[in-house]
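Protein chains: 2
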Amino acid sequence: MGVAVNLDTDAQRKPSLDPLIALVADDLKAVNQVIVERMDSPVALIPQLASHVVAAGGKRLRPMLTLAAARLCAYPGRRHIGLAACVECIHTATLLHDDVVDDSDLRRGLASANVVWGNKPSVLVGDFLFSRAFELMVEDGSLRVLGILSRASSVIAEGEVSQLITTNDTQTSEADYLAVIRAKTAELFAAACRIGAVVAERPEAEEAALEAYGMNLGIAFQLIDDILDYSAKQATLGKTVGDDFREGKITLPIVLAFSRANAEEKLFWRRTLEELEQEPEDLERAITLLTARGALATTLECARQYGAKAIDALEPFPPGPVKAALVDAVHFCIERAY
Amino acid sequence: MGVAVNLDTDAQRKPSLDPLIALVADDLKAVNQVIVERMDSPVALIPQLASHVVAAGGKRLRPMLTLAAARLCAYPGRRHIGLAACVECIHTATLLHDDVVDDSDLRRGLASANVVWGNKPSVLVGDFLFSRAFELMVEDGSLRVLGILSRASSVIAEGEVSQLITTNDTQTSEADYLAVIRAKTAELFAAACRIGAVVAERPEAEEAALEAYGMNLGIAFQLIDDILDYSAKQATLGKTVGDDFREGKITLPIVLAFSRANAEEKLFWRRTLEELEQEPEDLERAITLLTARGALATTLECARQYGAKAIDALEPFPPGPVKAALVDAVHFCIERAY
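Taken in order, these protein sequences are the chains called C and G.
Count along the first sequence starting at 1, add 28, and that's the number in the working numbering.
Count along the second sequence starting at 1, add 28, and that's the number in the working numbering.
Just so you know, the hints here were simulated from the structure itself, not pulled from any lab data.
Treat the numbers as computed from the prediction; the structure is a model and nothing was measured.
Chain G regions said to be covered by chain C (calculated; three or more residues, Cβ under 8 Å): (1) 67-79; (2) 169-179; (3) 182-194.
Yeah, the Cβ is synthetic: ideal placement off N, Cα and C, and Gly gets one too.
Looking at chain C on its own, in the form it has when it is part of the complex (with noise of 0.2 Å):
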C-alpha cells in the first residue's frame, strides 16, 4: 500500500489540499463569479438561498477537479471556468435534495437550507440550480460535455433512490454498499475530471484516465465520509456526529459490522438501524461495536486501496505541479479522517 500515509508521524508533512488550491486559486475565483452571477434571479429568495448553500464554503472539492484535470491536459483556454461551475451548481442542487431527503439540520458547519427556509424552497431553488447548470452548459456548446453531465445527474438520482431503498436494511451487501456511493458520489468526481479532459480536446485515452481518477478518488471520499460520521473528528468539520445512525443509514462501517457481529449484535443491530428504535447511548455503543470488531479500520483500508488506484489512473499524465497536487488531494481526503 504505497499510498498509506504514515499515521504514526504526526509531525511529518500532512497531507493537505493546499497544493491543488494554490494551482487553480485564480481560476476558482472566476468560478465563484460564474456562480454568483447564475444564481441570480429577480426572485430574491432564489439567490439568497442559494447563496447560502453556495457561500457556506465546502471545500469546492469538484470544480477543483475539473479545473485541475483542465491544467494537467495543458489547456490554454476558458471554458473550463464555466463548466467548473456547472459541476458545482450540480452538486449543490443535489445537496439541496439530499438535506430535504434526509432531513439534516446542518451542511457545511450551517443550519441546512431546509431547516431555514423549510423544504418547499429547497426542492424548488434545486431545480432552478440544476436548470441554470445546464442553460450554461447550452452555452458551452459542447455536446460532449452535456452528455458526460446529463447522464452523471441521472446516475446520481439513481443512486440517490437506491440509497433510499438500502436505508434501514441491514442485508445490505458490500457490493450494493458500493454501487450505491459509485452512483450518488463518484460518478460527479468522474465528470468533473473527464470534462477537463473533453475541453483540452485529448486523446480518449487521457479522457477515461481522468474519469478513473475522478471516480476511484470519489469513491475512498464517500467511504472517509462514512468513517467521518462515526468519528469524534466530525465535529470539527461543522457536521453532527451519528447522522447516518440516527437515520438508519447502511454505510460499509454497518454493513463490515453486522456481518462479524454476534447474535446479540446483530439485535443491536436491527433495532437501531431497522427499526430505528434508539435509546441516548446506542451512538456510544455503536462505535465501540464498530471500532472492536475492526469496521472503521477496514473501511479505511479500502479507502486507501481506491485511493491508490486514483493515483494509479493518473500514469499517462507526466510529472510536474499539477500531477502532485492531485495525488495529495488523494492523500488528503483519506487522512482528513486522522
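Add chain G to chain C, keeping to what the hints say.
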C-alpha cells in the same frame, strides 16, 4: 370576443381535444413508448413511481402540442417524437416536485406519488426524470432545443418559487399572479410549441408565432385550472375541490375577489388565506363570495382573452386540419370549466 363559445347552447358541438388527439395519435403512441423506455432503471422503484405518474394518463397536452406544432410546420422527420417525450418528462418531474411542495393527495385522479411512496422518492425520481429528459435532448443533438428547454426549466423553477412567495399573501397583484403562471405553466407550453418549428427548421417568425400560441394557451389553461379549483366540475376531473384555498394559494379569482371585497370580506380572506384558520364551511363561503363578486366570471373572461390571443398567433399558418385542431384545443381548454 370571436373566440368565446356560446355557453347557452350546450346542445351545440362542444369544443373538444378529439381532433388534436386523432391527428397525433400514432406519434403519441411512439412518444409514450420513448417515455417508458427512458423511465427504465435497474433501481425498480424508479420505473414504479414514474409510471404511476406518467401512466396515470393526464391529457398529454404538452407533448401533443409539440407533435401538432411539428405537423403544422410540415415536418417530415421523427425528431419531434423524442422531443415531445422530453417535454412530458420535464412536466412529470415538475408535477412530482409540485406535489411534494403542495402536500397534494391526488394527482390526475390517483393518489399522488408522495402519498404512496413518501416525499423522498418523489423528489429524487423527479430529478431522475429531469436528467433523463436532458440526456434525450443531448441525443437529439440540437443546441437550440437544449437552450429552449433548459431556459424553460429554470423559468419554471423561478415561477414555482414566486408562487411560494405569493402564497398566503392577499396583497398579491394581478400582475404578480400573471408573472407566476406565465413562468410556472405557460413557459413550457410555449417551449413545447416552439420546438415543433425548430425541428422543422422554419423561419424565426413561425417559431415566434408558435411560441406565442403556446404562451397564451398556457396562461388561459392555468386561469381555467384556477377557476376549477372552486368549481363543482372539478370532482369529475379527479381532483379535489378547494386545494388552492386550503393551501392559501393566491390565484386570480382570489386577487379579484379581494380587491372587490368589503371590510368584512377582507377579514374573511385574511383569516382563511393568510392565517390559514379555516372552518369546514369556509370553502363554501369562499365560493359564494367569488361568485357574488364576479371573480370567477372575470377570470373566465380573462382566460378567453388569452385564448383569443393564442388563436390570433396562428395567423401566419394557412388553414387546414392541424390549425383547426390547435384552435379547437384552445376552446376546449377554456370551456372545460363548464
